[in-house]
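Chains as they are written, first to last, in my numbering: chain S, 1 to 314; chain F, 1001 to 1378.
None of these hints come from the bench; they were simulated from the model. All of these numbers come straight from a predicted model, not from anything done at the bench. For every residue, glycine included, the Cβ atom is placed at its ideal position computed from N, Cα and C. Keep in mind that the hints are not guaranteed to be accurate.
[To be verified] Reference excerpt, derived from the structure (chain F facing chain S, CB under 10 Å, subset only):
| no. | residue |
| --- | --- |
| 1 | Ile1019 |
| 2 | Arg1372 |
| 3 | Gln1375 |
| 4 | Leu1377 |
[What the hints assert, rightly or not] What follows is a set of in silico ranges between Cβ atoms, one per label pair, in the way DEER data are often shown:
| no. | chain 1 | residue 1 | chain 2 | residue 2 | range |
| --- | --- | --- | --- | --- | --- |
| 5 | F | Met1007 | S | Arg135 | 23 to 33 Å |
| 6 | F | Arg1023 | S | Asp118 | 26 to 36 Å |
| 7 | S | Ser144 | F | Met1007 | 44 to 54 Å |
| 8 | F | Phe1018 | S | Ala171 | 25 to 35 Å |
| 9 | F | Asp1256 | S | Asp118 | 39 to 49 Å |
| 10 | F | Met1312 | S | Glu142 | 38 to 48 Å |
| 11 | S | Thr20 | F | Pro1353 | 51 to 61 Å |
| 12 | S | Arg135 | F | Leu1303 | 43 to 53 Å |
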Amino acid sequence: MERDVDRADTAPIIDVHELTKSFGDKVVVDRISMKVLPGEIYGFLGPNGSGKTTFMRMLCGLLTPDSGSGTCLGHDLVQEPTAIKRSVGYMTQKFSHYTDLTIRENLDFVARIFEVPDRRKTVDEAIARLGLGARQKQLAGELSGGWKQRLALAACMLHRPRLLLLDEPTAGVDPKARRDFWEQIHKLAAEGLSVLITTHYMDEAERCHRLAYIAYGRLMTEGTVRDVIDQANLVTYRIEGPAVRELTERLRSSDGVGQVVAFGNAIHVSGEDPDRLTGILGSLLGTEQAYRPVPATLEDVFISLMKRAEDNYR
Amino acid sequence: MRERFSMGRFFAVVLKEFIQMRRDRLTFAMVVGIPIMQLVLFGFAINSDPRHLPTAVLVQDPGLIARSLVQAMRTSDYFAFDQEVATEEEAQALIERGDVQFVLHIPVDFTRELLRGERPQLLLLADGSDPSATSNALGAARQILENVLARELVGSNQWLRPEASSVELIVHAAYNPERISQYNIVPGLMGVVLTMTLVLITALAISRENERGTMENLLATPVRPAEITLGKIVPYILMGYLQAGLILVAARVIFDVPMSGSLPLLLAVMLIFISANLAIGITFSTIARNQLQAMQMGFFFFLPSILLSGFMFPFRGMPVWAQHIGEILPLTHFLRIARGILLKGNGPAEIAPEVWPMTLFAVVAVAVGLTRFRQTLD
Ligand SMILES: Nc1ncnc2c1ncn2[C@@H]1O[C@H](COP(=O)(O)OP(=O)(O)O)[C@@H](O)[C@H]1O
Ligand SMILES: [Mg+2]
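Only chain F is shown next, with the shape it has when bound in the complex (with noise of 0.2 Å):
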């Protein structure tokens, strides 16, 4: 005999798991403490200043105004001279050991072709992949840049003056060629956040209901399993969107980020990404025999999910079977549909593609979850 999904019984479990969420201090410190720690964490390395970045040079011209330039970003705060280089490969090699975050090549005969009106070439080369700390000095090296030529630049060779145009900085950044802006990270935070709690928290869910003995009152009444496994994720979608809107505001007031889409689809969509990130939550806890296993699953599950879902390192940038593990989290989706709406202002058509990876996710982890829940003590 089946017995049909029960409102009655669904709202039941709703309304109790509201009442021990208010209770339980812990869990709402960490779900209202944890975005806030993030942003400013994250928030701090936005809006730090980092100076004095090691920076190498390759100076191939003994021309005036190159020795007056390198003297100049010598001076400057932002650049800390340690050596010199004298071939274009030890300066790949430095970048690449991650020994200098700057190299600065002048190549053979840049006075003489500025002087002729010929705009020669600069080159800076950047280690691009913590674009955070590396922005303020790019701006800043082309400060220089300018300030040097308007020195050196007087008398018959005024005319040159036109600015940086008399000469072409070339910043060429290593590592991150999608050049990930500062105001990529605050989206793909929201996304981080809601993938840590959200899972750990739900996690714990049934897990915490065997440890307690709890299961076995529950089980000895008619509830279903559909009945309590939504009716433990329902409450926390509300904690999951209390999360998104701490974020949200802070990102808006705080960090200036751009919202170019609309917000209420962002909001729609996110109903997605938290509801499949609860159901893989719910799973593991009815996977896991007590509440520590549950929270090492969590915890498994959230690591590929910061590292491997463009988060942390370009996605394109990934080897491809990391790319395709990538594909598969909801992380993933979500970071580029909150990107995309709140950065680029796409809307449903463009973000549609990473709408159904996340909602197959969810559906999958709710199916394997009731599958997996054990109606018996056996």
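So that you can see chain S by itself, here it is in the shape it has in the complex (with noise of 0.2 Å):
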């Protein structure tokens, strides 16, 4: 994706290298590298417990890395944290702002916090850019998860961050909010903020810039979508047809088919070795039942690297 960016400002937001953490004797993060450039949205993919939450944590100082060193906006990981949180927006994945105050309280906590200049005017503006003028003395803790969401969204940009960070931001959010939350989103990146979010949806990580997959703390790929297709070197043939069912076992148990995904009436049956692949369906499926190769989509990407990470870290 084509973005254009002031060459002073291409220095990376985001620039870690290696950064590891272990909670008790378990690695949670491991050894991960990530650069993030201006204006760009970075899509932090993973199972539960992979430890993207984690790796966040880092980066806006409320954990202390075991080892591995970084940048966070210019300033050191461990050495500033303080400057770091300043130019950062962090969304906590859980809602974590109070249920005791009001919409328009906890807005206008987080901006005396921040020392946002003309704090009356910009919490009103969010209030009103949240469309929730009318109900800005309800107290948080009524509103429903979407609406929670929406709040803390609105308060970790009060103050400007030059970054934020985004812990599933539209988890439980319904489709029409997500779109809006997204060209949001896009509408920022393009006047210059950096994006890193976590989702485990399949279109919000094709709506990012660049992506990265992780598992059992490591980093599995990384690039823009396209890159990951790319490297992930799957091969997927569509089969089609009434049989499909009693077929998905069959398949799944042979050596040399990565996964099998059902897709309505038909299924995705991919493979790393081509050859393998189609000499398995060959003898399967005969001649009468058809299969065609389709381009791998990401989630049969993630899918194989899920499991090539089960195969080689559990």
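Dock chain to chain to rebuild the complex, using the hints, since each chain is given by itself in its own frame.
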């Protein structure tokens, strides 16, 4: 995806090297390196418990890395956490504003803590943008999940951060709100804001400029959507017809088949070795049932990466 | 890079705590309810006029007047004559075991000495550990003695009558040499209530943020530990004054506690006492892993405070090690200050020796709290 960025501004916003964090003897983030450029929307994907939240927390000074180093907005992660916090907007995975304060009081508190100039106007605008003018006196705890997410997003942008760290901001949000959200994110990115965002939605992953996929604390792949799919070296065949259901089991138990995923009346069969895969398909299906190659989707790639990680690191 | 203390951020925390405090009905009810409850409980004890207190008699004089005196006390409401003892040792043992509240001792030759005008002694041994329970009865004993003498000393003995002065009533209070008066309780109560509520409330202050997850958001902002800690203390200072005010008004209006010293002085020193309690609460809060632990720590602090400060037991009557612990606790010093100012009319010079230990305690508690404050979620 093409963006025009000022040459002077192209120093990475996030630039970390081999960040590692363990809890007890469990390595939760394992030597992850990453660069995020100004104006970039960087998607951070991985199964639950793979260390995404932990990684984000290290970026904004909430956790101290066990080893590794790096900078965020040009400030050292370990030495200058306060300088980082001043220009980062962090949206936690779990709603962590005050449920016993109203919407306005929560926003006002955040604005005061960040010493936002022109506080009242900033908060007014945020409430107007949220479309919550009429409900600003409602307690945050009474909001539905989707509105809580929106409030949290509005709160982490009050102080005009240069980097947003969004931890599953759209989990449990309806499709319309998600689309609005992404439109807003792209608008902000066009203005130069960088965003690191975790998500489990494939359509959201595809809207990111670049992606990283982690499993068991390790970075499995990284790059644009195209890069990620290409790097996976995955061949996928689509099989349609009435017999697919019984085929699925047989395919799953054969060596050389990476995964079999059902899509309605069809299945996608993927593997890393094209010759072996066509061999298996040929012997199982004979000639009467057709199979045709289709481009691998991100989801195919991620599922295959996850399985690979399971085999290697568990 | 050290970040400076920001008044703006500090004020943000203060404001937030105020709003939360106002909305938290339960806490608010506790803040107002506890002083009222305590006042009612202790006030009842103060006002109560217990009767039929178990009493033993040790009569070594077979004389007429002695018998008449025993009879009169027996018929009064205040004393319940349960048993007669033959020796002083027996009497002492009864008091020690708490079996009786009083022992009336009429010595040998009481009647004879009285009739000779020799001012004999009449001994009333009292268990003084519960002064509010016994003081009315003591007054009654004096009255009964006077009545009996007036009735018995007739005819040729009438010249002896000038009231009780013809007999020396000696009251010996066991266990409570300081003879704590009723008035001692209300000023003490103020300190106890402040310790109890303030330590508990602030002990929850930071652990609550940890438990609800709001700490994660807070720590992701530039806010400093000192801003959070002090910002959480300030609103509760006002809460402490609210409680103290309630008790002081009740002390004056309901219990007629004298206020001989300077009220502004008391209120000024109270600031240090309140801060010390809030500081220790916050410190517990930074050490505790969750709200339950914080509560438990609060109770562990509260118990020695109430037991070793001189509120429950006379301070000088405690073992030395207990006195040493007591000297550390802010409540000990505040009790002395409050009683000193209210009852004795003490001024700044007299209370100064009690002020600095409280101040030191507050400073150390804040310092420990700040160093213990976890700035990350590690
Ligand atoms: N404070 C902590 N103490 C111990 N274990 C933790 C802590 N935080 C996270 N973990 C563990 O680290 C792993 C990764 O967690 P997390 O970073 O939240 O993953 P994700 O956000 O990708 O779902 C999980 O197994 C989780 O249980
Ligand atoms: Mg997470």
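Quick rundown of the hints versus the structure:
1. Ile1019: Hint holds; isoleucine 1019(F) Cβ to chain S Cβ min 6 Å, cut 10 Å.
2. Arg1372: violated (17 Å)
3. Gln1375: Since the shortest Cβ distance to chain S is 8 Å, the answer is holds.
4. Leu1377: holds (5 Å)
5. Met1007(F) <-> Arg135(S): 23 to 33 Å: holds (32 Å)
6. Arg1023(F) <-> Asp118(S): 26 to 36 Å: Since the Cβ atoms of arginine 1023(F) and aspartate 118(S) sit about 28 Å apart, the hinted range of 26 to 36 Å holds.
7. Ser144(S) <-> Met1007(F): 44 to 54 Å: The hinted range 44 to 54 Å is violated for serine 144(S) and methionine 1007(F), with Cβ atoms some 37 Å apart.
8. Phe1018(F) <-> Ala171(S): 25 to 35 Å: At roughly 33 Å between Cβ atoms, alanine 171(S) and phenylalanine 1018(F) fall inside 25 to 35 Å, so the hint holds.
9. Asp1256(F) <-> Asp118(S): 39 to 49 Å: violated (57 Å)
10. Met1312(F) <-> Glu142(S): 38 to 48 Å: Once the Cβ atoms are compared, 46 Å apart, the range 38 to 48 Å for glutamate 142(S) and methionine 1312(F) holds.
11. Thr20(S) <-> Pro1353(F): 51 to 61 Å: This hint holds: roughly 56 Å between Cβ atoms.
12. Arg135(S) <-> Leu1303(F): 43 to 53 Å: holds (47 Å)
When the structure is compared with the earlier hints, violations turn up for hints 2, 7, 9 and for no others.
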